[in-house]
Structure formats: C-alpha cells, structure tokens
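All chains should be built: construct the whole structure from the sequences, respecting the hints.
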Amino acid sequence: MIKSPIKLLSAWSTFFTYPNLGDSRLRTLLYFSLFMFTGLFSTSRGIPPLIIILKAFGTTVSIIVFVYALGDAMDADMDKFNPRKSQRPVPSGRMTRDEALLLSALGGVLSIAISLTINLWAMTIILASMGLGFSYSVPPIRLKRRFLMKETTLTTGLILSMLFGSTAVGKIPGSIFLPGLFLTIVGLILYPSFLDAEDIQADSMGGCKTLAMILNQRRRLELSTFGLLVIMVTTTLTYGYFGLNMICPILTVFASLMFLRYLFPLLITPEEECKGEILKRGISIFRTFVFLVPLGFILGSLQL
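Using the numbering used here, the first residue of the sequence shown is number 926, and each one after it goes up by one.
These aren't lab readings, by the way, just hints derived from the structure by calculation. Cβ atoms here follow ideal geometry from the backbone N, Cα and C, with glycine treated the same way. A few of these clues could be false.
[As the list claims (entries may be wrong)] The calculated SDA-like cross-link candidates involving lysine to any residue, where the alpha carbons are at most 25 Å apart (straight line), are:
{"hint": "1", "residue 1": "Lys-1096", "residue 2": "Thr-1080"}
{"hint": "2", "residue 1": "Lys-980", "residue 2": "Tyr-956"}
{"hint": "3", "residue 1": "Lys-1205", "residue 2": "Gln-1142"}
{"hint": "4", "residue 1": "Lys-1096", "residue 2": "Gly-1168"}
{"hint": "5", "residue 1": "Lys-1096", "residue 2": "Ala-1038"}
[To be verified] The following label-pair restraints were derived from C-beta to C-beta distances:
{"hint": "6", "residue 1": "Leu-1140", "residue 2": "Asp-1023", "range": "17 to 23 Å"}
{"hint": "7", "residue 1": "Leu-1052", "residue 2": "Gly-1165", "range": "31 to 37 Å"}
{"hint": "8", "residue 1": "Leu-1182", "residue 2": "Ile-1208", "range": "16 to 22 Å"}
{"hint": "9", "residue 1": "Ile-972", "residue 2": "Arg-1071", "range": "38 to 44 Å"}
In structure tokens:
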C-alpha cells in the first residue's frame, strides 16, 4: 500500500540519507558522472553548452535512482540476512518494497523524458542502460548471479554512461578508445581485485560468482599490475594520436605510479596479512585512481 505523498517523500529520503548507504550512492553518482563527462568533453573538444551539461547530469542521476532502487527492492529478502546490508531502507522496513519500486519507476521515466529532449541516440543508450540494470537485478535473468557478470555488467554500465555523454553532443569519436580501455581494465581486473575482494562473503550469500572468488590474492595483484602498466603505456604512447593534450598522460601516469607503489609490496606479502586496514587503504587508493584518470581524460580533451 502506497502512503500519502508527504509520507512517501519521507520514505524515499531514507534511500539517500541513510548512513554509509548515502556515501555509496554519492560515490556511484560521482563515478558515473565522471565517465559521462568524459564522453561529453571528448566529443565536444571544449566546454559543452550548459543546457546539455544539466540535461546529461539530470539523466545520469535519474538512471542511477532507477537501477539502485530496483536492485534494493529485488534483493530485500536476501539483504535481511546480510550483516552489511540488513539496515538498508527496504530490508530494515524504513521503506517498503512498493515504495522502492515506485521510486525506481519514477527515476526510469524521468531519465527517458530528459534524454528524449537531447536526441534519439541518447535516449537509445538510456534505454539500453535501463535494460542492463533490469537484467542485473530482476529474476529470472539476474545477471549478478552469473559467473563474471557482476564485473561485466558494471563495466558495460560505465561504458554506456560514457557513450551517452558522447552522443549528447555529437558522434562518438575515436578518442573514446582510451577511456574505454581504461574502463575495461578497471571493471574486469581492478574492481574484482579490491572491492569484490572485500565483499566475497556478502557476494557468496547473495549467490554472486565473481573473479575474486576463484583467484587468490597473488593472481589478482599480478593482473592488477599488468592492467595498470597497460593503461599507463597505452595512454602515454597514443594520447597525441587521439588529439589529447599533455594533462591526460601526466595524470594517468601519476595515478598509475601511485597505485603501483602500493601494489608492489603486496606481491610479496602473505595473503592472510593483506586484510583489514591494508585492504581498506588499497580500496581508498583504487577510488582515487578511478577519479584521477577520467579527470585526466576530461582535462586532456580541452583545447589549451
């Protein structure tokens, strides 16, 4: 049963303001917005019109609300038994499942409506993003429970966000290759090595099958080191070909070396010692890295 509008808004507010959950929502919005702006600036080769920036950002916020509210509603029964998720709004009872689904539907409709005012290509990508988010959480498909699909879905979602930003101002340029390569390595290698490594128990309870579950620490760190070297070398050798300025390789190399400085000592550290504060520090460095490199792509696309 849906409550009155005022009570409904009060229930929805818990979706964004609950401690820790609000932080994760803001981080998600930050990263998806960064890659949306990467596509936007890479295509416009300068500062896009303000109205396009506002429409693209509003669409990004709306699609995130759609995906997260839908996921929380679908996973509520399982999250009740997960110590890390049991206090989320839906499993804790602060928001009903119907309220979460209504919030999701509102986010979906709003994202389609705003993207339609941009152009048809932008709306098509938003529809594809909605389909991906729906398939990720809703049975019987529920991609998150299929092997490697949690990582693949995240990577695809970020790439779609970047393509949406690109189509909002024109055709998709060749320079999208570099951030696309970066996203692939981050989503399929670095993310499982750190964030998924912290969530192995929770993912196991939820029926997910991730790369972090089948690879030991050394293999994950070796893959991460290789991925960072690929990002650093490829960006340095090709940024000029794709018309990017020096800011792009400078920030990319700086962020990669910062990450590698943390990784190298871990390669000779026993796995049982790489937990707790050491893993949390690695996650913090990972998040900084994922912020700095797309920022380099955005600033690197400006004609200075």
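Hints versus structure:
Straight-line distance between C-alpha atoms of Lys-1096 and Thr-1080 comes to about 21 Å, which keeps the hinted pair within the 25 Å bound. With a C-alpha separation of about 17 Å, the suggested pairing of Lys-980 with Tyr-956 holds against the 25 Å cut-off. As the CA atoms of Lys-1205 and Gln-1142 are separated by approximately 15 Å, the hinted pair is consistent with the 25 Å bound. Restraint check for Lys-1096 and Gly-1168: satisfied, since their Cα atoms lie roughly 16 Å apart, inside the 25 Å limit.
Straight-line distance between C-alpha atoms of Lys-1096 and Ala-1038 comes to about 21 Å, which keeps the hinted pair within the 25 Å bound. Between Leu-1140 and Asp-1023, the C-beta spacing of about 40 Å breaks the proposed range 17 to 23 Å. About 36 Å separates the C-beta atoms of Leu-1052 and Gly-1165, a value consistent with the hinted range of 31 to 37 Å. Distance hint check for Leu-1182 and Ile-1208: the Cβ-Cβ separation is about 18 Å, which falls inside the suggested range of 16 to 22 Å.
At about 41 Å, the beta-carbon gap between Ile-972 and Arg-1071 stays in the expected band of 38 to 44 Å.
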